[in-house]
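2 protein chains.
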Amino acid sequence: MRYELYYWPEIQGRSEFVRLALEEAGADYVDVARRSGGMRSMLRLLNGSRVERPPFAPPFLRAGKLLIGQTANILFYLGGRHGLAPANEAGRLWTHQLQLTIADLVQEAHDTHHPIASSLYYEDQKKEAKRRAADFLENRVPKYLGYFEAVLARNGQGRHLVGRRLTYADLSLFQVVAGLRYAFPRAMERIEKKLPRVVSLHDRVAERPGIAAYLASKRRLPFSEQGIFRHYPELDP
Amino acid sequence: MRYELYYWPEIQGRSEFVRLALEEAGADYVDVARRSGGMRSMLRLLNGSRVERPPFAPPFLRAGKLLIGQTANILFYLGGRHGLAPANEAGRLWTHQLQLTIADLVQEAHDTHHPIASSLYYEDQKKEAKRRAADFLENRVPKYLGYFEAVLARNGQGRHLVGRRLTYADLSLFQVVAGLRYAFPRAMERIEKKLPRVVSLHDRVAERPGIAAYLASKRRLPFSEQGIFRHYPELDP
Numbered sequence: 048m049r050y051e052l053y054y055w056p057e058i059q060g061r062s063e064f065v066r067l068a069l070e071e072a073g074a075d076y077v078d079v080a081r082r083s084g085g086m087r088s089m090l091r092l093l094n095g096s097r098v099e100r101p102p103f104a105p106p107f108l109r110a111g112k113l114l115i116g117q118t119a120n121i122l123f124y125l126g127g128r129h130g131l132a133p134a135n136e137a138g139r140l141w142t143h144q145l146q147l148t149i150a151d152l153v154q155e156a157h158d159t160h161h162p163i164a165s166s167l168y169y170e171d172q173k174k175e176a177k178r179r180a181a182d183f184l185e186n187r188v189p190k191y192l193g194y195f196e197a198v199l200a201r202n203g204q205g206r207h208l209v210g211r212r213l214t215y216a217d218l219s220l221f222q223v224v225a226g227l228r229y230a231f232p233r234a235m236e237r238i239e240k241k242l243p244r245v246v247s248l249h250d251r252v253a254e255r256p257g258i259a260a261y262l263a264s265k266r267r268l269p270f271s272e273q274g275i276f277r278h279y280p281e282l283d284p
Numbered sequence: 048m049r050y051e052l053y054y055w056p057e058i059q060g061r062s063e064f065v066r067l068a069l070e071e072a073g074a075d076y077v078d079v080a081r082r083s084g085g086m087r088s089m090l091r092l093l094n095g096s097r098v099e100r101p102p103f104a105p106p107f108l109r110a111g112k113l114l115i116g117q118t119a120n121i122l123f124y125l126g127g128r129h130g131l132a133p134a135n136e137a138g139r140l141w142t143h144q145l146q147l148t149i150a151d152l153v154q155e156a157h158d159t160h161h162p163i164a165s166s167l168y169y170e171d172q173k174k175e176a177k178r179r180a181a182d183f184l185e186n187r188v189p190k191y192l193g194y195f196e197a198v199l200a201r202n203g204q205g206r207h208l209v210g211r212r213l214t215y216a217d218l219s220l221f222q223v224v225a226g227l228r229y230a231f232p233r234a235m236e237r238i239e240k241k242l243p244r245v246v247s248l249h250d251r252v253a254e255r256p257g258i259a260a261y262l263a264s265k266r267r268l269p270f271s272e273q274g275i276f277r278h279y280p281e282l283d284p
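Protein chains in written order, with this note's numbering: chain A, 48 to 284; chain B, 48 to 284.
One or more hints might be untrue.
Intra- or inter-copy, both count: the list cannot distinguish identical chains.
[As the list claims (entries may be wrong)] Simulated pairs of lysine-lysine, DSS-like, Cα-Cα distance not exceeding 30 Å:
(1) Lys-177 to Lys-265
(2) Lys-265 to Lys-241
(3) Lys-112 to Lys-174
(4) Lys-112 to Lys-190
(5) Lys-190 to Lys-177
If you're looking for bench data, these hints aren't it; they were derived computationally from the structure. Small disclaimer: the values here were computed from a predicted structure and weren't measured.
Build the full structure now, drawing on both the sequences and the hints.
Here it is, written out as structure tokens:
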């Protein structure tokens with residue numbers, strides 16, 4: 048089965064978490080909106096009155112007859128199909144729980160540059176962004192990443208978040224660390240000192256053959272100031 | 048099996064979505080932190096170094112040997128156990144997708160009064176809250192609730208969000224409407240005019256015997272200015 052992934056064509060955004068899982072799994076997929084005419088297909092599914100179960104927003108994934116929205120939900124589905132989550136119920140729920148906690152962190156990372164409204168430009172909420180980013184870096188990032196550090200420490204040798212094998216939650220934590228480093232290099236240098244296990248997980252994920260090949264390919268879009276993780280030096284003093 | 052629900056004892060908060068599902072199911076549960084000594088039990092699970100799979104934050108649910116965190120994840124689990132979601136994979140994923148979209152709306156509702164930082168008082172971010180709430184009521188609530196109106200319209204007779212039976216997503220949409228009415232009565236009066244199906248679903252959920260009995264009981268905490276949905280008149284001009 049060839050998956051169809053739908054997302055805004057020029058940014059990593061939330062689809063990157065899905066893409067990393069598809070790449071690690073070696074799955075056959077097409078990034079629809081990056082193809083000619085693909086945006087039209089995506090908007091038809093988003094707004095079309097004939098779609099029985101319309102997604103609220105990208106990303107969404109077509110998998111045969113299924114049309115699945117919400118990043119964590121897509122990963123829950125893919126995890127079960129491609130060995131990227133444990134097969135037993137307790138392990139599947141725990142992996143999903145970690146993913147939902149990562150999703151909360153991602154939302155907070157987004158809101159550092161858009162604390163007032165997604166509909167406004169960054170420049171129109173820059174003052175508020177400075178206040179929000181300061182709290183995010185002072186309190187929230189250490190709390191979230193400290194939590195994942197503790198989860199790694201409690202899981203045996205600390206090589207993965209869940210059990211003995213890689214899961215989609217590991218891939219997502221890699222992406223969060225990469226994104227936070229891009230957006231807040233100065234703060235992250237400080238924060239990472241207390242996170243040896245998180246940093247090591249990031250590095251090991253980046254070196255996996257499928258992921259390394261993907262990161263070096265044109266399929267990996269660069270981070271930018273259009274995405275979730277944005278580098279505005281004034282927010283990382 | 049008696050479930051143990053863990054949440055801050057004085058507010059509905061995110062646990063209310065779990066409580067509604069437990070009440071509708073007629074499940075046996077105890078609200079641990081509302082009992083004498085219960086807060087200590089909760090904090091032990093949150094921060095205890097001996098918990099193998101610690102939750103990041105309340106609410107979490109103990110179900111036999113499982114300790115499940117993240118509201119939508121708990122509902123995913125309960126939905127499968129108590130007939131509050133379809134049994135087939137497509138239906139389970141779709142119900143969960145709707146729940147995750149509701150969770151996004153709930154987070155945005157929270158951020159209307161805390162746009163800068165959860166660690167600061169409302170009074171210290173009131174100016175920003177006014178800007179954020181204005182955008183929320185102008186753009187976000189109509190978009191989210193309009194989406195659920197469309198989902199209801201596309202689902203046959205529009206009596207439920209998914210299929211022909213009540214799911215936990217219906218219960219959660221009820222709670223969101225109730226919360227938004229509490230927080231923003233003036234704006235909601237306006238917005239609801241275009242949402243006949245959403246309003247009707249809210250009313251039918253409130254009249255279900257199990258839910259009606261619960262809402263009339265002391266187990267239902269009142270809305271307040273400590274919770275997610277807060278009524279600050281200046282945010283609802």
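Hints, verified against the model:
Taking the shortest alpha-carbon separations for Lys-177 and Lys-265, neither the intra-copy value of 33 Å nor the inter-copy value of 43 Å comes in at or below 30 Å. In this assembly of identical chains, the alpha carbons of Lys-265 and Lys-241 never lie at most 30 Å apart, being 33 Å within a copy and 45 Å across copies at closest. Proximity of Lys-112 and Lys-174 under a CA criterion of 30 Å is satisfied in neither setting, with 46 Å inside one chain copy and 47 Å between copies. When the C-alpha separation of Lys-112 and Lys-190 is checked against a cutoff of 30 Å, the pair qualifies only between copies, where the shortest distance is 26 Å, while the shortest distance within a copy is 40 Å.
With identical chains, the CA atoms of Lys-190 and Lys-177 are at most 30 Å apart both within one copy (19 Å) and between copies (28 Å).
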